[in-house]
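**Student:** Each chain, written out:
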Amino acid sequence: DQQVKQNSPSLSVQEGRISILNCDYTNSMFDYFLWYKKYPAEGPTFLISISSIKDKNEDGRFTVFLNKSAKHLSLHIVPSQPGDSAVYFCALSSGTYKYIFGTGTRLKVLA
Amino acid sequence: EAQVTQNPRYLITVTGKKLTVTCSQNMNHEYMSWYRQDPGLGLRQIYYSMNVEVTDKGDVPEGYKVSRKEKRNFPLILESPSPNQTSLYFCASSLTGSGEQYFGPGTRLTVT
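Top line first, the protein sequences correspond to chains A and B.
If you read the first sequence in the numbering used here, its first letter stands for residue 1, the second for the next number, and so on.
If you read the second sequence in the numbering used here, its first letter stands for residue 1, the second for the next number, and so on.
Quick caveat, the hints were computed from the structure, so don't treat them as lab data.
For clarity, every value in this text was computed on a predicted model and none was experimentally measured.
Some clues are possibly wrong.
Derived pair list, reagent style DSBU-like, types lysine-lysine, alpha-carbon separation capped at 35 angstroms [stated by the list, open to error]:
1) A:Lys-68 / A:Lys-37
2) A:Lys-5 / A:Lys-71
3) A:Lys-54 / A:Lys-108
4) A:Lys-54 / A:Lys-68
5) A:Lys-71 / A:Lys-54
6) B:Lys-57 / A:Lys-54
7) B:Lys-69 / A:Lys-98
8) B:Lys-18 / A:Lys-54
9) A:Lys-56 / A:Lys-37
10) B:Lys-65 / A:Lys-71
11) A:Lys-98 / A:Lys-5
12) B:Lys-57 / A:Lys-56
13) A:Lys-108 / A:Lys-56
14) A:Lys-71 / B:Lys-57
15) B:Lys-65 / A:Lys-56
16) B:Lys-17 / A:Lys-54
17) B:Lys-57 / A:Lys-68
18) B:Lys-18 / B:Lys-69
19) B:Lys-57 / A:Lys-37
20) A:Lys-37 / B:Lys-69
21) A:Lys-71 / B:Lys-18
22) B:Lys-69 / A:Lys-56
23) A:Lys-56 / B:Lys-17
24) B:Lys-57 / A:Lys-98
25) A:Lys-37 / B:Lys-71
26) B:Lys-57 / A:Lys-5
27) B:Lys-18 / A:Lys-56
28) B:Lys-71 / B:Lys-17
Generate the whole structure from the sequences, applying the supplied hints.
**Tutor:** Laid out in structure tokens, this is it:
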């Protein structure tokens, strides 16, 4: 029973356009939501986060949106660049020291 | 440079031969954690530690042991590895247990 789902295993986007990555969860106990980026042969690196008291957080080209009623999290990257090509994981925390990660979405930005 | 290091990076071993994967962080973080990454399953938490001598199970702890005798180190121990523990393993640390984590480069383990 997966608590966190990233339903798109892969996504291709043209350079300069918007990339939208999605994450759905089932349990309302989560109160902190994060996105990580992972390049091959490296560990994941933190990208952006949002707490449950907010519905939007921006950091440069990256914006995370949280819709608590729909239990839906999304990451927008605009404009997308070839260097953004990586696997993106959403991660959820409930403040109990446990983290639940999604299965990942492989983003390919085409030049 | 702030970092999480893991050793070894690659390991091929046989069923039943005990092994330890080391993890060390130089950021004075309280919280450390181990994950395994498998195709189609994402990252799954194995064990975590809130502080020295305080550890707890994640979602997939079976077949693994950990210890936290010093703040900077958090080794992962496989007492009797089996082929289903073939995976990519990541260690991570963070200041608290609810925010951003810093990950090591990963250890690719193959058990034959």
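**Student:** A separate judgement is required for each hint: does it hold in the structure or not?
**Tutor:** How the hints compare with the structure:
A hinted pair counts as satisfied when its Cα atoms are at most 35 angstroms apart, and Lys-68 of chain A with Lys-37 of chain A qualifies at roughly 23 angstroms. At most 35 angstroms may separate the alpha-carbon atoms for a hinted pair to count; Lys-5 of chain A and Lys-71 of chain A meet this at roughly 11 angstroms. Restraint check: the Cα-Cα separation between Lys-54 of chain A and Lys-108 of chain A comes to about 29 angstroms, which is no more than 35 angstroms; the hinted pair holds. With a C-alpha separation of about 9 angstroms, the suggested pair Lys-54 of chain A and Lys-68 of chain A falls inside the 35 angstroms cut-off, and the hint holds.
Straight-line distance between C-alpha atoms of Lys-71 of chain A and Lys-54 of chain A comes to about 13 angstroms, which keeps the hinted pair within the 35 angstroms bound. Of the pairs offered as hints, the one joining Lys-57 of chain B and Lys-54 of chain A holds, with about 30 angstroms between alpha carbons and a cut-off of 35 angstroms not exceeded. For the given pair, Lys-69 of chain B sits about 21 angstroms from Lys-98 of chain A by alpha-carbon distance, which is consistent with the 35 angstroms threshold. Proximity of Lys-18 of chain B to Lys-54 of chain A is assessed by CA-CA distance (about 46 angstroms); at most 35 angstroms being required, the pair is judged violated.
Taking the CA atoms of Lys-56 of chain A and Lys-37 of chain A, the gap is near 19 angstroms; set against the 35 angstroms cutoff, the hint holds. Pair hint Lys-65 of chain B plus Lys-71 of chain A holds up; C-alpha atoms about 34 angstroms apart against a cutoff of 35 angstroms. About 17 angstroms separates the Cα atoms of Lys-98 of chain A and Lys-5 of chain A, which keeps this hinted pair within 35 angstroms; it holds. Of the pairs offered as hints, the one joining Lys-57 of chain B and Lys-56 of chain A holds, with about 32 angstroms between alpha carbons and a cut-off of 35 angstroms not exceeded.
Between Lys-108 of chain A and Lys-56 of chain A, the direct Cα distance comes to roughly 24 angstroms. Compliance with the 35 angstroms bound is thereby established for this hinted pair. With a C-alpha separation of about 26 angstroms, the suggested pairing of Lys-71 of chain A with Lys-57 of chain B holds against the 35 angstroms cut-off. Taken as a hint, the Lys-65 of chain B and Lys-56 of chain A pair is broken in the structure, with Cα atoms around 39 angstroms apart against an allowance of 35 angstroms. Between Lys-17 of chain B and Lys-54 of chain A, the direct Cα distance comes to roughly 49 angstroms. Violation of the 35 angstroms bound is thereby established for this hinted pair.
For the hint linking Lys-57 of chain B to Lys-68 of chain A, the alpha-carbon distance of about 28 angstroms falls within 35 angstroms, and the restraint holds. Restraint check for Lys-18 of chain B and Lys-69 of chain B: the C-alpha separation of about 20 angstroms stays at or below 35 angstroms, so the hint holds. Only pairs whose Cα atoms come within 35 angstroms are accepted, and Lys-57 of chain B paired with Lys-37 of chain A is accepted, the gap being roughly 25 angstroms. For the hint pairing Lys-37 of chain A with Lys-69 of chain B, the CA-to-CA distance comes to about 31 angstroms; that is within 35 angstroms, so the pair holds.
Straight-line distance between C-alpha atoms of Lys-71 of chain A and Lys-18 of chain B comes to about 42 angstroms, which puts the hinted pair past the 35 angstroms bound. Only pairs whose Cα atoms come within 35 angstroms are accepted, and Lys-69 of chain B paired with Lys-56 of chain A is rejected, the gap being roughly 40 angstroms. Annotation: proposed proximity of Lys-56 of chain A to Lys-17 of chain B is violated, straight-line Cα distance about 49 angstroms (limit 35 angstroms). Using a Cα cut-off of 35 angstroms, the hinted pair Lys-57 of chain B and Lys-98 of chain A holds, with the two alpha carbons roughly 9 angstroms apart.
Among the hinted pairs, Lys-37 of chain A with Lys-71 of chain B is consistent with the structure: their alpha-carbon atoms are about 27 angstroms apart, no more than 35 angstroms. Taken as a hint, the Lys-57 of chain B and Lys-5 of chain A pair is honoured in the structure, with Cα atoms around 22 angstroms apart against an allowance of 35 angstroms. Distance check on the hinted pair: Lys-18 of chain B and Lys-56 of chain A sit about 47 angstroms apart at the alpha-carbon level, beyond 35 angstroms; violated. Distance hint between Lys-71 of chain B and Lys-17 of chain B is fulfilled; the C-alpha atoms sit about 27 angstroms from each other, no more than 35 angstroms.
Consistency with the previously given hints fails for numbers 8, 15, 16, 21, 22, 23 and 27, ordered from lowest to highest.
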